[in-house]
Amino acid sequence: MELIQQLVNGISLGSIYALIALGYTMVYGIVKLINFAHGDVFMVGSFVGFYAITVMDLSFIPALLLSMVTCAIFGVLIERIAYKPLRNATRIAALITAIGVSLLIENGLIYIRGAQPEAYPNNVLPMDKLDIFGVSISSQSILILSVSIILMIILQFVVHKTKIGKAMRAVSFDSEAAKLMGINVNNTISATFAIGSALAGAAGVIFGIYYIKIEPLMGVLPGLKAFVAAVLGGIGIIPGAMVGGLLLGVIEALVSAAGYSLWRDGVAFVVLILILIFLPQGLFGKNKREKV
Amino acid sequence: MKKKKLAGVFLSLSLVAGALAGCSGDSKTSSSGGGSSKSGDTIKIGANLELSGGTASFGQSAADGLKLAIDEINKEGINGKKLEIVKVDNKSDAAEATSGSIKLVSQDKVVAVVGSATSTNTLAQVQVAQDNQVPLLTPTATNPDITNKAGKLNDYVFRTCFIDPFQGTVAANFASDEIGAKTAAIYVDSASDYSKGLAAAFKEAFTAKGGKIVAEEAYVTKDTDFRSTLTRIKSAKPEFVFLPGYYEEVGLILKQAREDGIDLPFMGGDGWDSPKVVEIAGADALKNTYITNHYSPEDEDAKIQDFVAAFEKEYDKTPDAFAALGYDTGYYLADAIKRSGDASPEKIRQALEDVKDLQLVSGTLNLDENHDPIKSATILEYVDGKQTFKTKINP
Chain A
1 MELIQQLVNG ISLGSIYALI ALGYTMVYGI VKLINFAHGD VFMVGSFVGF
51 YAITVMDLSF IPALLLSMVT CAIFGVLIER IAYKPLRNAT RIAALITAIG
101 VSLLIENGLI YIRGAQPEAY PNNVLPMDKL DIFGVSISSQ SILILSVSII
151 LMIILQFVVH KTKIGKAMRA VSFDSEAAKL MGINVNNTIS ATFAIGSALA
201 GAAGVIFGIY YIKIEPLMGV LPGLKAFVAA VLGGIGIIPG AMVGGLLLGV
251 IEALVSAAGY SLWRDGVAFV VLILILIFLP QGLFGKNKRE KV
Chain B
293 MKKKKLAGVF LSLSLVAGAL AGCSGDSKTS SSGGGSSKSG DTIKIGANLE
343 LSGGTASFGQ SAADGLKLAI DEINKEGING KKLEIVKVDN KSDAAEATSG
393 SIKLVSQDKV VAVVGSATST NTLAQVQVAQ DNQVPLLTPT ATNPDITNKA
443 GKLNDYVFRT CFIDPFQGTV AANFASDEIG AKTAAIYVDS ASDYSKGLAA
493 AFKEAFTAKG GKIVAEEAYV TKDTDFRSTL TRIKSAKPEF VFLPGYYEEV
543 GLILKQARED GIDLPFMGGD GWDSPKVVEI AGADALKNTY ITNHYSPEDE
593 DAKIQDFVAA FEKEYDKTPD AFAALGYDTG YYLADAIKRS GDASPEKIRQ
643 ALEDVKDLQL VSGTLNLDEN HDPIKSATIL EYVDGKQTFK TKINP
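Note that the protein sequences, when read in sequence, are chains A and B.
The first sequence runs 1 to 292 under the numbering used here.
The second sequence runs 293 to 687 under the numbering used here.
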């Protein structure tokens, strides 16, 4: 029974990772950029949600939408200001810029409001406990899992069935050729960042409601974990991010369950290293052969 | 050619700048040196506290209390001089605390340093105080190693609060005598010297009383998900959980524990003492929880009530224990400076050591041979999210 309870714990933790990893993997899939600022967009989303609920007195859904919209705009701004000028620079330059942007957002927010934590109000969503044969599942963790799955399905739909999704896939395949075919590459990339950042914003609000405490550096570790989750599932592959996130959450819960709670973060990164050594394309990735 | 010229210009500019900086630096230190301990009419004391970062609530409270005390003392002055606080924010970080103390001692030439509010950050400053022979007074750091490490007394380090073993022992006695618990779980922050110190003392005292520790689990500062470990604690079936952590994680742990149906009594130390713990956990989750603390604003002692009124007038909020101890530290230091005569760090050190029956808000202050105060502990219970005075325990 304890084992099942631990699986439930792991899945609710993993759904948050999955939600952040969705945006991560999407940006990587289209632009081939590891957006290290993604975790900080998640943090900004959490704060927007917090102020929407406490200052503007909004309820859950409006606060979630407001946070998603704000983060989408914020993500596009980051892309336009920091990444676009480096579009044709080396990959490493873009990566370093991403780290710089991440530090700028974190310390910028600390400068504006200080580093002290905030607590989400306890009554945003009703908190019911379901007891199934001695395993307790909270209504909130079910909500998080369902939001993650719904957003993943919408994302799959957008990428595979809509015009903008087609443009995204074309840009990801070959941005030069896409340009020749009349696709507006800049707008397509902006749209990618908008969607990815909106997902991060949603994850931020949900994280705040579930874990209550938010602070300016909260995005760092979940951001890295989401990166691990994305690599685990195969970076750039949307269902892979979902499965990778859930798997990582379950692995962490099981490590704690075995009594090694202090090793939890360490194990996450050992998983990353093992994946990179033995299965670099991830669980869902195809083994592509490089053309010479 | 052009490059060389530019480099030349740059080099000469930087030389000039360096020389200027040197000049201004010199004049500053000489003027402040003159203004501190020797002549002039102010005595500079340093405050190296957590004004931002993870334990900012503690540092800020202590700073407020200290400032109130110094303002009151300055109304009369000490031997015709006024006290001036030089503040440093250590950002709740041990490395920042060390460099902050070095700055206060070498640049600002303070006669004593007050700080920090937590044990980890105070331990980081002990060596600076010893090397430079400037007294360090912590208002609230409770780890025993601060004043006496492995039998060696740090003669320049003092504190105004009681120490961890005492808090842990009081909690263990309370658990077995008042709660009647036979088994207990310990959930400790393994990144905090404070938390580990309390846990060790609790374990020793609780087993000495015939109790049994059925689970020992750990987390690290900044963790947010504790459910897996709480599930482990739950299945070990303890009657009592000792949780000596700081308010941010404690708030989350209590909330998640109650959500997972763990209705056991939880107890911690003064690290819980922040309004944030109520905000994060919620009043319901705090039901059936207790802490050991330095004082209670509800205590009807006249000295305490005067302090509470003065503090509320100044800051518009009720002083927590950190504010009370910051305030007491201001009076303890001022008393020592007054008795020292010439206010030199060495004389102040001697005066701090010679303190006898000094009446403070948190009790009567006397030191034992380890520079640790001998005073009473208060046990508080959370009722509807408010701390209520439960009992007072003497050493």
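No lab work stands behind these hints: they were computed from the structure.
All residues carry an ideal CB built from backbone N, CA and C; glycine is no exception.
Treat the hints loosely; a few may be bogus.
Only some residues are given here: those of chain B computed to face chain A with a beta carbon under 8 Å [stated by the list, open to error]: (1) 345; (2) 482; (3) 517; (4) 520; (5) 523; (6) 524; (7) 528; (8) 529; (9) 531; (10) 551; (11) 571; (12) 572; (13) 574.
Taking CB as the label site, the calculated pair distances span [stated by the list, open to error]: (14) A:103 with B:391: 18 to 24 Å; (15) B:630 with A:259: 35 to 41 Å; (16) A:123 with B:502: 39 to 45 Å; (17) A:103 with B:660: 33 to 39 Å; (18) B:470 with A:278: 53 to 59 Å; (19) A:139 with B:668: 43 to 49 Å; (20) B:529 with A:60: 48 to 54 Å; (21) B:399 with A:2: 43 to 49 Å; (22) B:676 with A:2: 30 to 36 Å.
Over the 10 Å line for every Cβ pair with chain B, so calculated as not near, a few chain A residues [claimed, not checked]: (23) 57; (24) 86; (25) 99; (26) 100; (27) 110; (28) 164; (29) 212; (30) 221; (31) 254; (32) 262; (33) 275; (34) 278.
Results of checking the hints against the structure:
Checking residue 345 (chain B) against chain A: minimum C-beta separation of about 5 Å stays under 8 Å; hint holds. A hinted interface residue such as residue 482 (chain B) counts as satisfied when its beta carbon comes closer than 8 Å to some beta carbon of chain A; here the least separation is about 6 Å, so the hint holds. The beta carbon of residue 517 (chain B) is positioned within 8 Å of a beta carbon in chain A (closest approach about 5 Å), and the interface hint is therefore held. Satisfaction of the interface hint for residue 520 (chain B) is found here, the shortest Cβ-Cβ separation to chain A being roughly 3 Å, below the 8 Å cut-off.
Interface restraint check for residue 523 (chain B): the shortest CB-CB distance to chain A comes to about 5 Å, inside 8 Å, so the restraint holds. Evaluation of the residue 524 (chain B) hint against chain A yields a held restraint, the C-beta minimum of about 6 Å falling below 8 Å. Annotation: residue 528 (chain B) was flagged as interfacial toward chain A, and the flag is violated, the nearest CB pair being 10 Å apart, outside 8 Å. The restraint placing residue 529 (chain B) at the interface with chain A is violated, with a minimum CB-CB distance near 12 Å, outside the 8 Å limit.
The criterion of a C-beta within 8 Å of any C-beta in chain A is not met by residue 531 (chain B), whose closest approach is roughly 19 Å, and the hint is violated. Look at residue 551 (chain B): its Cβ gets to within about 6 Å of chain A, closer than 8 Å, so that hint holds up. Because the closest C-beta pair between residue 571 (chain B) and chain A is about 4 Å apart, less than 8 Å, the hint holds. At a threshold of 8 Å, the smallest CB-CB gap from residue 572 (chain B) to chain A is about 4 Å, leaving the interface hint in force.
Because the closest C-beta pair between residue 574 (chain B) and chain A is about 4 Å apart, less than 8 Å, the hint holds. Taking the beta carbon of each, residue 103 (chain A) and residue 391 (chain B) are about 20 Å apart, inside 18 to 24 Å as hinted. Between residue 630 (chain B) and residue 259 (chain A) the beta carbons are some 55 Å apart, a value that contradicts the proposed interval 35 to 41 Å. About 43 Å separates the C-beta atoms of residue 123 (chain A) and residue 502 (chain B), a value consistent with the hinted range of 39 to 45 Å.
Checking the proposed 33 to 39 Å range against residue 103 (chain A) and residue 660 (chain B) shows it is violated: the Cβ atoms sit about 47 Å from each other. Remark: the range hint 53 to 59 Å for residue 470 (chain B) to residue 278 (chain A) is upheld by a beta-carbon distance near 56 Å. For residue 139 (chain A) and residue 668 (chain B), the Cβ-Cβ distance of about 45 Å falls inside the hinted range of 43 to 49 Å, so the restraint holds. Our hint of 48 to 54 Å for residue 529 (chain B) and residue 60 (chain A) is violated, since their Cβ atoms are close to 36 Å apart.
Here the CB-CB span from residue 399 (chain B) to residue 2 (chain A) is close to 57 Å, at odds with the stated 43 to 49 Å. In this structure, residue 676 (chain B) and residue 2 (chain A) meet the distance hint of 30 to 36 Å, their C-beta atoms being roughly 33 Å apart. The claim that residue 57 (chain A) lies off the interface holds: its Cβ sits roughly 18 Å from the closest Cβ of chain B, which is beyond the 10 Å cut-off. Even its closest Cβ contact with chain B, about 27 Å, leaves residue 86 (chain A) beyond 10 Å, as expected for a residue assigned away from the interface.
Remark: the non-interface label on residue 99 (chain A) is consistent with the geometry, its nearest Cβ contact in chain B lying 20 Å away (cut-off 10 Å). Residue 100 (chain A), annotated as away from the interface, keeps every beta carbon of chain B farther than 10 Å; the closest lies near 21 Å. Distance to chain B contradicts residue 110 (chain A) as a non-interface residue, since its nearest Cβ pair spans about 8 Å, not more than 10 Å. For residue 164 (chain A), the non-interface assignment is confirmed: its Cβ lies about 35 Å from the closest Cβ of chain B, beyond the 10 Å cut-off.
Chain B draws residue 212 (chain A) into its interface by the beta-carbon criterion, the shortest separation being 5 Å against a cut-off of 10 Å. Distance check on residue 221 (chain A): its Cβ comes as close as 7 Å (rounded) to a Cβ of chain B, failing to clear the 10 Å threshold; non-interface status is violated. The non-interface label for residue 254 (chain A) is inconsistent with chain B: the shortest C-beta to C-beta separation is roughly 8 Å, within 10 Å. A cut-off of 10 Å between C-beta atoms contradicts the statement that residue 262 (chain A) is not in contact with chain B; the least separation is 6 Å.
With a closest Cβ-Cβ approach of about 22 Å to chain B, residue 275 (chain A) is found to remain outside the 10 Å limit, as its non-interface label requires. With a minimum CB-CB distance of about 26 Å to chain B, residue 278 (chain A) clears the 10 Å threshold, and the non-interface call stands.
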